[in-house]
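Novice: Now for the letters of each chain:
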Amino acid sequence: DAGVIQSPRHEVTEMGQEVTLRCKPISGHNSLFWYRQTMMRGLELLIYFNNNVPIDDSGMPEDRFSAKMPNASFSTLKIQPSEPRDSAVYFCASSPRAVGNTEAFFGQGTRLTVV
Amino acid sequence: GQSLEQPSEVTAVEGAIVQINCTYQTSGFYGLSWYQQHDGGAPTFLSYNALDGLEETGRFSSFLSRSDSYGYLLLQELQMKDSASYFCAVGAPGQAGTALIFGKGTTLSVSS
Chain L
1 DAGVIQSPRH EVTEMGQEVT LRCKPISGHN SLFWYRQTMM RGLELLIYFN
51 NNVPIDDSGM PEDRFSAKMP NASFSTLKIQ PSEPRDSAVY FCASSPRAVG
101 NTEAFFGQGT RLTVV
Chain Y
1 GQSLEQPSEV TAVEGAIVQI NCTYQTSGFY GLSWYQQHDG GAPTFLSYNA
51 LDGLEETGRF SSFLSRSDSY GYLLLQELQM KDSASYFCAV GAPGQAGTAL
101 IFGKGTTLSV SS
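Same order as they appear, the protein sequences are chains L and Y.
First residue of the first sequence? That's 1 in my numbering, and the numbers climb one at a time after it.
First residue of the second sequence? That's 1 in my numbering, and the numbers climb one at a time after it.
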């Protein structure tokens, strides 16, 4: 398996634009996580899905953030409109089991810069 | 709520042994895991403890005490390539499934 695949690897956008980050989890994994990483706040859990269903989105910072998982092999994180403070590295991770599993496999991340 | 505490920085020399501690407060607990992240890279899984005791994987060992809400990662025979950030993470039960919550990370610098 190729691992968790994220795209794009880098994104530079202007404030106010819509940004869509994409993730393909490892085939057969039941859980998918979206994280945001910054120096100040570390790795923040934004939202996670089990079997394509959003379970907890309490980490999503604002209504400008939304995430979907239309099928087991694809998820998106959308920011609309984007702001400079959204600049961060966004990671997607998947894990094999939905319950009791603390081993997650991370994608290479998307480095987002909002100017 | 959930919180994890770990030191922000640790320094050591090649060949030494270093221990990175992690204390946690969560409303539920499945296990404690450790991840390594090199600059510019993605976190990669190192080890997992669900039960009390020591788990050994090569030069790395991880320990858990559930009664103390405490764990540590022990790195032996340090090498320059071990310079990285190390995160502890708690698997905590959510409404359905497991949320994986990370500490802020410990930056390990290994010098020659």
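What the hints contain is simulated information worked out from the structure, not anything from laboratory work.
There may be inaccurate statements among the hints.
Unchecked claim - A short, non-exhaustive set of chain L residues, derived as facing chain Y with CB atoms under 8 Å:
| # | residue |
| --- | --- |
| 1 | Leu45 |
| 2 | Tyr48 |
| 3 | Ala104 |
| 4 | Phe106 |
The structure displayed is predicted, hence computed values, not measured ones.
Glycine is no exception: its CB is placed at the ideal position from the N, C-alpha and C atoms.
Novice: A separate judgement is required for each hint: does it hold in the structure or not?
Specialist: Tested hints:
Because the beta carbon of Leu45/L sits about 6 Å from the nearest beta carbon in chain Y, less than 8 Å, this interface hint is met. Interface restraint check: Tyr48/L against chain Y, minimum CB-CB distance 6 Å, threshold 8 Å, status holds. Annotation: interface hint on Ala104/L holds; nearest CB of chain Y at approximately 6 Å, less than 8 Å. Given hint, Phe106/L at the interface with chain Y, holds; its Cβ is 4 Å from that chain's nearest Cβ, closer than 8 Å.
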